[in-house]
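Engineer: Just so you know, the protein sequences line up as chains A and B, in that order. Take the first sequence: its letter number 323 is residue 323 in full-length UniProt numbering, and every next letter is one higher. Take the second sequence: its letter number 230 is residue 230 in full-length UniProt numbering, and every next letter is one higher.
If you are wondering where the hints come from, they were derived from the structure by calculation, not from laboratory data. Every residue, glycine too, gets a C-beta built ideally from N, C-alpha and C. This list has only true hints and no planted wrong ones.
Distance ranges between label pairs, derived from CB positions: (1) A89(A) with P131(B): 36 to 42 Å; (2) F272(B) with V128(A): 56 to 62 Å; (3) Q373(A) with I133(B): 44 to 50 Å.
Under 8 Å between C-beta atoms, here's a sample of chain B residues computed to sit facing chain A: (4) A56; (5) W83; (6) P94; (7) F99; (8) I105; (9) I108.
Chain by chain, the residues run as shown.
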Amino acid sequence: MAEPTSAAANRPEGAERLSEDRRDAMRGEPPFVEAPSEDTRLVRSLKEAAITAGLVAVLTIFFFAFRTDIAVGGLQLSLDPMLWITWVAVAFAARFALSYFVFAGERPTVAGWKKVAASTRGWPVGKVFGVVLLLVALTLPILLSVFLPSQNRYLLDLAILILTYVMLGWGLNIVVGLAGLLDLGYVAFYAVGAYSFALLATNFDLGFWVCLPMAGLFAAMWGIVLGFPVLRLRGDYLAIVTLAFGEIIRIVLLNWYEFTGGPNGILGIPKPTLFGLEFSRGEGSFSDFFGLEYSTIQRFVFLYYIILALALLTNFVTMRMRKLPVGRAWEALREDEIACRSLGINTVNVKLTAFATGAMFGGFAGSFFATRQGFISPESFTFIESAIILAIVVLGGLGSQLGVVIASVVMIGGIELLRNLTGLQAIFGAGFDPTQYRMLIFGLAMVLIMVWKPRGLVSTRSPSAVYKEKKVIGADLVAQGEGH
Amino acid sequence: MEYFLQQLINGVTLGSIYGLIAIGYTMVYGIIGMINFAHGEIFMIGSFIALTVFLALAAIGITFLPLVLLLMVIVAMLCTAGWGWTIERVAYRPLRGSFRLAPLITAIGMSIFLQNFVQVTQGARVKPLPPQIQGGITLMDSPSGIVVQISWMQIIIIAMTVALMTAFSLVISKTSLGRQQRACEQDRKMASLLGVNVDRTISLTFVMGAALAAVAGMMYLLYYGVIDFYIGFIAGVKAFTAAVLGGIGSLPGAMLGGLSIGLIETFWSGYFSVEYKDVAAFSILAIVLIFMPSGLLGRPEVEKV
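Taking the hints into account, I'd like the entire structure generated from these sequences.
Structural biologist: Quick look at the structure:
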């Protein structure tokens, strides 16, 4: 006990200590750490747990212990101190367990002295994983009908939803991940695509396949129209203006009754057809033509393959464009805009192409959304959608195509699974409704994943331009794009 | 003319509330350069705490209004400041020095979490509170029948905002805490080498911003009389717009931006259409930024090579 105290007494404090640690690190020595003594660990953990519990108690007293409800003659306050005490106890226990068991052996590291370039040249895990995912995606309807026929329809619907987000994520990845422009209003283009298809289809009796390219073009056009005035803005200014544009489009859709139907939305959007064959009962339908027995699942399988094809198209175009001059310019722009300009790249045009390409895929996804739902209203295009898409891109790993897939499956699929956790009612009582907590857990998961892996779930990137050999580099070596 | 004056008063009141929230955005942005998306939710939490305190006091028989208001403000500020501190500690501090989009995503996550937390614990329905402070001063009584009136509530809101703004500017410009904050804003590494506790300073910035948002939340509750778990988003986006419009990072800019947004909204709803008031506010923001890319009072960024 005597030795550490004398050493600790000579330790400098504050910034001096920091610089000393850094000097140690430069020499390759581990930073000086006082050995945590065993007997104080319990006391320290208890202390930390008490502080946490106290904080939780203060923060949540007005939310757990009291509840306001509308009653006859105004608001009524009801008390539920047991709920509050339970949660404070849970916080105490959780923090104690963390302090005692998890943080116990933690040694502080010197920030900024970590190996960032984790280059792996061996087994291409990402590639293999991607191929496996693709095969699973291609055969999913068959796999489902063989292994899980009872939940076939539900799971297929979920897969369609996930793929829609994958596609949106890939579209936004062009803007944020490749060109480094922070776009908080991506949902605007999704809305433009959905509404252009819905309006064209209901007013001019056009089918899905005719409208799909038109919806994409409209969205791309809007991308250029909105992008042109704002692209000289920098970083967060660009973010807020794109957010503003997203809101403007939603408000206009909500209030322009004669054109968009206002809050009632647009009903009766036609379903897609396969070379003119409808997915319905009776004469001239898909099942009639092929002599199959009619089943609603056929339409779901068809929708699934449409969105899979659209998503793969997005991926394919992105991967190809990364190899074209314009794609390289996007990535160069993300790394260093001034260098780009001095090399003669027209940054406005490059940014506009990124914006328009991303918007176009958003438009495709939007028209798919409209045809799948058969009904759209401004409700579906709120800021939270933009936030979820951006979250998928960042959580997956900016600029990583595989990351978007993983993040979509984890976030959208994982949250959807909560619906089925009715078994939890045994623990929390019969009144427990897991769907209520979906978004709560979604938000919490966003925070936890980001704190755990700040560069996204996929932490390596493969540069599109290579010198001699292909290499995978650490995500920390890729610029995040300051949006300027 | 009378109508104009009345709208002006309403606009200034609304602008004051936006300004108070905008300060929280602008200070956090100034010091760590991130958009604290959860700030709107802090405002919402502040108004819920104020409501609960009000009802609890009424339940135990304290109805003397000035005392009730004082207790509401104090409890709401303290408790909301605690939320601000906790959010910073849990969601932003672990990501300090990480890349720029990471704290933005945790902020959005926190915002979703807080909204749903309040929805789950307090219910999704709106909470109406009957007006507590009634009456006002009639400034002008024209023969045409239009009365220009400033209500006591509006006076309280404007006076409170002016007082808090003054106190705040003094804290930033005169105290050692303010000096530390300005030092961190300029160069965090250098400030830490010179003995400024950067983590503590940033935490205090969040605490101060949250306390101001709590006041704004309480004002909102008393002025509009209706709150729900969703008010934070709209108010937050507007206040952030205000902060950007005024030039993010600048305190007077936040106040000016808040007033501008409040006035634009009120006049637009008064003279044109209520539905498109948000469109007007956002369009003005876009136009201002196109011509003055760093906002009204912001310092232009220097491009370094």
